[in-house]
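K.L.:
In order, the protein sequence lines correspond to chains E and D. Just so we're aligned, residue 1 is where the first sequence starts under UniProt numbering, counting upward by one. Just so we're aligned, residue 1 is where the second sequence starts under UniProt numbering, counting upward by one.
Note that these hints are calculated values from the structure, not bench results. Treat the hints with caution; some may be incorrect.
No copy is singled out in the list; a pair is fine if it fits within one copy or between any two copies.
Only pairs whose alpha carbons sit at most 30 Å apart, straight line, appear in this in silico DSSO-like list of lysine-lysine [as the list claims (entries may be wrong)]: (1) LYS267 / LYS118; (2) LYS348 / LYS410; (3) LYS118 / LYS348; (4) LYS469 / LYS261; (5) LYS118 / LYS410; (6) LYS348 / LYS469; (7) LYS522 / LYS410; (8) LYS469 / LYS267; (9) LYS261 / LYS376; (10) LYS376 / LYS410; (11) LYS118 / LYS376.
Protein chains: 2
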Amino acid sequence: MKVNKTLRLDSADNVAVALTDLQPGELVSPPKAPTQGAHPEAESAASAIMLEIREQIPMMHKVAVTAISQGDTITKFGQVIGVAAVDILPGSHVHYHNCVLEGLPANFGSSTDAVMAKVPTTPANQRFFRGFRRANGRVGTRNFIGILTSVNCSATVAKQIAAAFSHPAVLQDYPNVDGVIALTHESGCGMRAAGEGFDALTRTLEGYVTHPNFGGVLMVGLGCETMQVQGFLSRAGLQDSATFSSFNIQEVGGTRAAIEKGVERVKTLLTAVNAQSRQQCPLAELTLAVQCGGSDGFSGITANPALGVAADLLVQHGGNVIYSETPEIFGAEHLLKARAVNADVAAKLSERIDWWQAYTRANGFELNNNPSPGNKAGGLSTILEKSLGAQAKGGTSPLTDVLLYAEQRKTRGLVFMDSPGYDPVSVTGQVASGANIIGFTTGRGSAFGFKPVPCFKLSSNTRVYDFMKDDIDINCGTIIDGEQTLTEVGAEIFEAIIAIASGEQTKSETLGYGDSEFCPWKIGAVV
Amino acid sequence: MKVNKTLRLDSADNVAVALTDLQPGELVSPPKAPTQGAHPEAESAASAIMLEIREQIPMMHKVAVTAISQGDTITKFGQVIGVAAVDILPGSHVHYHNCVLEGLPANFGSSTDAVMAKVPTTPANQRFFRGFRRANGRVGTRNFIGILTSVNCSATVAKQIAAAFSHPAVLQDYPNVDGVIALTHESGCGMRAAGEGFDALTRTLEGYVTHPNFGGVLMVGLGCETMQVQGFLSRAGLQDSATFSSFNIQEVGGTRAAIEKGVERVKTLLTAVNAQSRQQCPLAELTLAVQCGGSDGFSGITANPALGVAADLLVQHGGNVIYSETPEIFGAEHLLKARAVNADVAAKLSERIDWWQAYTRANGFELNNNPSPGNKAGGLSTILEKSLGAQAKGGTSPLTDVLLYAEQRKTRGLVFMDSPGYDPVSVTGQVASGANIIGFTTGRGSAFGFKPVPCFKLSSNTRVYDFMKDDIDINCGTIIDGEQTLTEVGAEIFEAIIAIASGEQTKSETLGYGDSEFCPWKIGAVV
Ligand SMILES: [Ca+2]
Ligand SMILES: [Ca+2]
Ligand SMILES: [Ca+2]
Ligand SMILES: [Ca+2]
Ligand SMILES: [Ca+2]
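Here chain E stands alone, though its shape is the one from the complex:
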């Protein structure tokens, strides 16, 4: 069904991506650039020109669609990925032999003026979703009861409390309750009682205990752990209420007594949580976490930019986006910094990059700021190009803040939250920061879902979609298949976000994913 042999990602691009191996002498028609409709005339003009391929170009590699003079910038995704080291004729292979970073203007990114011009105002055509508005004003997209733990030692009790409510019949009188779930973790003791690791776990637990997707929360501790429940609650300013309570196993007389007490507490919570129901809320109450797992060569040109289009639409409608995975922006962090709304935000990003450099060095290695041999074989010429493919999923909005892992989001629009790239650890932080919907791109078919927040999955190619249809919500491979444009898929994702936030079940929810994916980032030594 592949009708196009090349894909131009933005109407401003002077290169296109080969969707198949191209041979010298072949005549190809560069496809209509699937941009957000910025330059419709340019698109039709470009699509009228037939392009003669001048040399062998492997699939996923770049071909020049216009003449590029030595010293000119080379543009993909509508953004600069390098400079022409020589004059490049249309139809030529563009790769690291002729696309380099040397000679790049020092300040080629957006200016602060340009960034500020893009800070969205609430649109005239306001959109809404149906969410659970909590007493504190925050809005949930689901209505779970959560059993959280301070330490691994209370995991078994937490799971057994939740298990008492796992049969659908038990909840049939509580139609507004999405379920009772235990989110347990492996840490909480055998750690220092201060410092980065302790603070990160504290922020994570606070983000979950107060998450709007929980109508009610029970927190179970052991009693002698490093992460003391009482200390945690007083630091977080939390106390027992109609929707929150806590206890320690050692204080109630052991396992059996703790399970009984927990089951009773949850029974009490059920009535309060069931009394909450969905109501109309503006998209400003949505916070989309974007995440990538198991990427392939197509991720950077289909699923990631399509999710980016949806992310931009959400921000334009007053909503919020959390972009993360610091190791993936390494070597091209200035692209993101150039979109910072002020120098403080840019400086915060620099601090995080410095932290990662020290952290990886202390752990005996360095993060790469060059494309790997595998990246090069896949057609990625510069670290800018690689990073832009990853960064595409966050969209192009101004960067309004940089957060520590699991730190509460405070600004509107697009924010960056520091985290590893590892999916469960990164998403755990994003949800703690306030994400109430998750968009997940994959080229390999990730097995991922997350409670209490719905997660929809986007495939970067049609093969993985067809093979794992039960797991993937939306196929972005249609962009390379020539069936849909990036703009169309982005709009489809945007509508899916509204539907899912309003209660439509994602594939991973149907499959029961989400209990095992809560993995707080453990920083520092286990002792």
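Fit chain D with the ligands to the known structure of chain E by using the hints.
P.N.:
Showing chain D with the ligands alone in chain E's frame:
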């Protein structure tokens, strides 16, 4: 019921522990030393003398039971804990003001000759337990089917496969099968594909896949993770057999297909695993992991030494013991080194200590090699005394090897396996190393159990036993209550080990503990 006011831990000791606050002028009768019956006449002589208390001595602190001259060694647990800084009269408070490390003979530990003399030969009165002897000759104490994972991404599938067998009715035709369990972990990707962290996870998974407490194993991967299932299997020399199989979710068509395939595989395994049954096996096939969690001031004088007595009995009967928790021996590692059977073993222990010093320094802190202010308030005068209380649980056998975390045990008798002190992480390594029974001491009432290996819990005091009776198997508080001697409790634990290894259920098994406690040590950065 407290009939004794002081407790002398060994007949060779010149100090006793106050079991209550003692006042000047009080006359107390030092109890019969609950040693392993080494010096019965000395005991009766000592117990005949009434001791006059000379000054205020807080509970858990030490009182001199004989005159100790300046420069003489001070002995508790039958071992040197310090040197008298001044002449000390019977009935005096012995603490860091008069019990110091300065002046300690450099080589006060056992000589190699003394160590080798204790290397046990199989006793005449051979004892047996009833275990599952596997095709490769190893012996299990339980007969589980395990669903293991390479990465967090396959955790949900693994748990859903196991859940299909969670109802007792499903297994009623397979009476020899103890259950179908999913042991999942948070790692396997977002990590470097080489180095200490990768090697530790590899050793851990290998130790579980081949553990004799599993009659059959299914390993489920995702497909694109760092810890590739195929690579792991070829390094471990494993391949599909009647009792082992593996597959990747991405290769079978996604979550639903993977769960169906897994359930079918387990159904096949059930018949093979049910065909295995218990038979008589010598105690040489038992490997006891000793572990301490939530210790209190009594742990070092009741539960730990009582478990040590049982550990020594097991070694004397040809069995094996794995002692761990490296941070706890810090500052007194020479006590363990002095028991090494040769210089190589002692050198291996030094290497591990050096590693921890570098590891903690890289993580911004140092392990303490002095008793903490809390330790001192609790009556512990020197790091030797603190460490001896912790080391007591391993018994006094010669040290035949030092293992890396999760490294397979190769020698007989007592070995030390490097690990953090954090219970789930440490025990996961001990089980991977080959432990098929776990003895766990606690002063606070730990909520702990472990699958597929039975874990019995020992309380250090009667209060916690009475309050958490559902969780604690044996109360060692009877030693301070004067109801049992250390020797008697140690013998009781030894008999319990044989009964539990033969199938008797522990409290934690009855309560359903053990699925959430599998926590491989994560060394190095998450990326
Ligand atoms: Ca978890
Ligand atoms: Ca990721
Ligand atoms: Ca579609
Ligand atoms: Ca685990
Ligand atoms: Ca421990």
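K.L.:
It remains to establish, for every hint, whether it holds in the given structure.
P.N.:
Hints versus structure:
1. LYS267 / LYS118: neither (48 Å within a copy, 59 Å between copies)
2. LYS348 / LYS410: Result: close within a single copy only, 14 Å intra versus 51 Å inter.
3. LYS118 / LYS348: within (21 Å within a copy, 62 Å between copies)
4. LYS469 / LYS261: Intra 42 Å, inter 17 Å, cutoff 30 Å: inter-copy only.
5. LYS118 / LYS410: within (19 Å within a copy, 66 Å between copies)
6. LYS348 / LYS469: neither (40 Å within a copy, 52 Å between copies)
7. LYS522 / LYS410: within (24 Å within a copy, 32 Å between copies)
8. LYS469 / LYS267: between (37 Å within a copy, 26 Å between copies)
9. LYS261 / LYS376: neither (58 Å within a copy, 37 Å between copies)
10. LYS376 / LYS410: Close neither inside one copy (39 Å) nor across copies (46 Å); limit 30 Å.
11. LYS118 / LYS376: neither (33 Å within a copy, 63 Å between copies)
In summary, the structure is inconsistent with hints 1, 6, 9, 10 and 11 from the numbered list given earlier, while agreeing with the others.
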